[in-house]
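Student: Sequence order for the protein chains is A and B. Each residue of the first sequence is one higher than the one before, starting from 114 at the first, in the numbering used here. Each residue of the second sequence is one higher than the one before, starting from 1466 at the first, in the numbering used here.
Please note that a few of the clues may not be correct.
To be verified - Calculated lysine-lysine pairs in the DSS-like style (CA-CA distance at most 25 Å, straight line):
{"#": "1", "chain 1": "A", "residue 1": "378", "chain 2": "A", "residue 2": "401"}
{"#": "2", "chain 1": "A", "residue 1": "264", "chain 2": "B", "residue 2": "1574"}
{"#": "3", "chain 1": "B", "residue 1": "1729", "chain 2": "B", "residue 2": "1467"}
{"#": "4", "chain 1": "B", "residue 1": "1574", "chain 2": "A", "residue 2": "217"}
{"#": "5", "chain 1": "A", "residue 1": "399", "chain 2": "A", "residue 2": "418"}
{"#": "6", "chain 1": "B", "residue 1": "1574", "chain 2": "B", "residue 2": "1683"}
{"#": "7", "chain 1": "A", "residue 1": "399", "chain 2": "A", "residue 2": "378"}
{"#": "8", "chain 1": "B", "residue 1": "1512", "chain 2": "A", "residue 2": "292"}
{"#": "9", "chain 1": "A", "residue 1": "400", "chain 2": "A", "residue 2": "378"}
Hint data in this document are derived by calculation from the structure and do not stem from the laboratory.
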Amino acid sequence: MEQPNIIRMSARTPINEYGGELLRSFYETMLTIRRFEQTVEEHFLAGHIPGFIHLYIGEEAIATGVMANLGPADYIESTHRGHGHTIAKGADLNRMMAEIYGKKTGCCRGKGGSMHIADFSVGMLGANGVVGGGYNLAAGSALAQKMQGRKDVSAVFFGDGASNRGTFHEAANLASVWKLPLLFVCEMNEYASTTPYLTATSVADISRRAYGYDMPGIIVDGNDVFSVYEAAGKLVEYMRAGNGPAFLECKTYRVKGHFVGDPEKYRTREEVQKNIDERDPIEGFKKKVLEAKALTDEDLKAIEKKVEERIKAALRFAEESPEPDVSELMTGIYA
Amino acid sequence: MKNITFSQATLEAMEEEMLRDERVFVMGEDIARQGGIFGQFRGLPDKFGRERVIDTPISETSIVGASVGAALAGMRPVADMHFADFIGVCMDEVFNQMAKAYYMFGAQKTVPLVLRAPDGLINQAAAQHSQSIEAWFAHIPGLKVVIPSNPADAKGLLKSAIRDENPVLYFEHKALFPLTGDVPEGDHLVEIGKARVEREGSDLTIVSWSLTLLNAAKAADRLASEGIKAEVIDLRSISPWDKETVLKSVAKTGRLCVAHEAVKQGGFGAEIVATVAEEALDCLDAPVVRVGAPFTPIPFARPLEQAYRVTSDTIYDAIRKIL
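One chain only, chain A, in its complex shape (with noise of 0.2 Å):
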């Protein structure tokens, strides 16, 4: 791959040559996060969980696409909205609801909530409650692969919000000077908190940032997990072969409110209609393999059973687990 050199990329493999276990997971990644999601809304919206949720609900494509090209030990930074990042890199569902409940058995035994979730078990470094956080974090586990001779590669999650922080550019100019293995995965959802992306953003297509830092970027529709999962198979690729970072924006669009409970004064009912109707990531991907008949119906009725059984598993989990003790508060705070 020439760099630096931002394309535009679609799916260019033919959906039956996927093979059935690679579209089964997908199918299953995606559904398990809307699952999850709808279900942690619920009980959110039932009082059931504290603090605050932010949803990953109509971005599902991008954490499955993304992660299905990394393996345990490739490293994820995740953002505020990162449940569905979580869940992709492979953690456990019940220690994750057990998390977002607060309770004792939660993957941070209750210390860290919805927006500090973590499973370093697979590699997932935490999501960070603050914007931008994450970019430096990732570019030191990246250094940390590269010093330590490995070639597994870090990845950053991150919105068109976050695109704004200052710390953007000094891990990306970072991660360029000194090659590291690190993806910058933009999720360009159109709204940053309650702020349209165009008046705050000075570039139609956040990755010609990347231009300024020398790096490749693809921009792909990031409601296609197809397409997310092959420019990301490029670029991980890339990255495997020590070339250092690269960029990847996904075009998004962020269906829920910024937060459960936002009354999302700041766009209309139709608009957010509209992208559920015509980009659904789930819908799209259904409609394509049954169309060709890459997977059957029945595949997918098994997955999806499976799914809910497992839902079900980590809400019985997380309510029947006990909340920590007082007596932790003073636990874990240093080593």
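Start from chain A and add chain B according to the hints.
Tutor: Below, chain B alone, put in the same frame as chain A:
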């Protein structure tokens, strides 16, 4: 023992720890090619290569953020801040990321990281290159803060900081770098959180640290010539701090003076004095006294900077009022 400078003592600590543990590396501005602005990294790249002694862009946010990320991924970074004042640039990385990753992720991974921060007044460097800011970090759970006053402690505390599983702020006063002292060779470790009784005395307790400790010792000399025996404690760790040693001393002497270079308002002296008030008020025979800089940004002009400084005279005069 060998007689070396504070700067050489820190270099020795770096060399020994980098030899001992290949996960240890150091990065910062101007440290590899230039050897650090105070020469404290000179020769290190020749021994360990540019892969482990790394010049960075002027990007403090990246330096600290990437150090946190590298620590989370199994390394043991030492990051140099050039001047302590520049930590302001990367405060989020220090207090929201570095300090909290261990706790908020449920103790999944420690953050063994040392942030080296040359602080203090030197050569009329004025408002943005002279500050003593250790108190800021004592207010942040999850961080440790150390602040040596002599070459032996400089080595021992840096080695302990590098071996610590927690993030440690290592403040090194710029005016101390050229000062010499006896430093034990080999594995000399100073326990973080343990104060050092610089000299014993029975009439009053002076708690100080960093460069100001030297001024406190001078004030104690002058008092000694007048027959007053001051006990001088070098706190050397700000967080955790050695409450026991201070309380024990105050119980013995009945008088307390705390002296530091940082501004008095909100300085760490306030924490010490408040603790004594809470836990040992009945031991006190006189009001406590705090000595710190006046509440102003640090001025440039010589007479103004001189007036700003905490000197042995300032400390002596303050103590005289409680005797």
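Student: Keeping to a limit of 25 Å between CA atoms, is the pair of residue 1512 of chain B and residue 292 of chain A held or broken?
Tutor: 23 Å, holds
Student: For the pair we were handed, residue 399 of chain A and residue 418 of chain A, check the Cα-Cα distance against 25 Å.
Tutor: Distance ~16 Å between residue 399 of chain A and residue 418 of chain A Cα, so the pair holds.
Student: For residue 1729 of chain B and residue 1467 of chain B, compute the direct alpha-carbon distance and say whether it is at most 25 Å.
Tutor: 36 Å, violated
Student: Between the alpha carbons of residue 399 of chain A and residue 378 of chain A, is the straight-line distance 25 Å or under?
Tutor: 32 Å, violated
Student: Measure nothing beyond the straight line between the CA atoms of residue 1574 of chain B and residue 217 of chain A; if it is 25 Å or shorter, mark the hint as holding.
Tutor: Given that 25 Å is the threshold and the Cα spacing comes to 17 Å, the pair holds.
Student: Assess, step by step, whether the Cα of residue 264 of chain A is no farther than 25 Å from the Cα of residue 1574 of chain B, and give holds or violated.
Tutor: Holds - the C-alpha atoms of residue 1574 of chain B and residue 264 of chain A are around 22 Å apart, at most 25 Å.
Student: Holds or violated: residue 378 of chain A with residue 401 of chain A, Cα cutoff 25 Å?
Tutor: Given pair residue 378 of chain A, residue 401 of chain A is violated - Cα atoms ~34 Å apart, limit 25 Å.
Student: Run the distance test for residue 400 of chain A versus residue 378 of chain A: straight-line Cα separation, threshold 25 Å.
Tutor: 32 Å, violated
Student: Quickly compare the C-alpha distance for residue 1574 of chain B and residue 1683 of chain B to 25 Å and report which way the hint goes.
Tutor: 45 Å, violated
Hints 1, 3, 6, 7 and 9 from the earlier list are contradicted by this structure; the remaining hints agree with it.
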